[in-house]
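Asks: Position 99 of the sequence shown, counting from 1, maps to 99 under the working numbering, and the rest follow consecutively.
Where hints are given, some of them may not hold.
To be verified - Label pairs and their calculated CB-CB ranges: (1) Ser99 <-> Ala42: 33 to 39 Å; (2) Ala36 <-> Leu60: 33 to 39 Å; (3) Lys63 <-> Ala42: 14 to 20 Å.
Stated by the list, open to error - With a cut-off of at most 20 Å between alpha-carbon atoms, the simulated EDC-like pairs for lysine to aspartate or glutamate come out as follows: (4) Lys24 <-> Asp68; (5) Lys24 <-> Glu13; (6) Lys91 <-> Glu13; (7) Lys80 <-> Asp68; (8) Lys91 <-> Glu74; (9) Lys80 <-> Asp90; (10) Lys4 <-> Glu66; (11) Lys24 <-> Glu58; (12) Lys4 <-> Glu25; (13) Lys33 <-> Glu69; (14) Lys63 <-> Glu74; (15) Lys4 <-> Glu69; (16) Lys4 <-> Glu58; (17) Lys24 <-> Glu66.
The set of hints was computed from the structure by calculation and includes no laboratory data. We put the CB at the ideal spot given by N, CA and C, even for glycine.
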Amino acid sequence: MALKLCSLFSRTERSCEENDTCLKEAASTAYAKTCAPYQTWAVRTAVSAGMYALPTREQLLSKLNETDESAQREMIRYIKASLPIIQYIDKLYTSRNISLDW
């Protein structure tokens, strides 16, 4: 689930508008589609509140000592590398009738 969250975040972040809420929007979307359905209301509420503490994209790139171009390159690399792993884990869970009904 964490790999799916990161992969979806990376894909969403790459396509969002450049503004102060870009990372919050990408993180919120990724969380809502991957983890939120399996978590309690209290956890979802805490995560939602925590989204307001996320830095802007510019602040994050500065802290990571990355440029927009280098960050894009690394995100594309991560997405390509993680997709087969995510698919393998999904197939493994499905083939063994494992569900994530936490």
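Asks: If any of the earlier hints don't hold here, list their numbers in rising order.
Replies: Hint check: 1, 2, 3, 6, 8, 10, 13, 15 and 16 fail, others pass.
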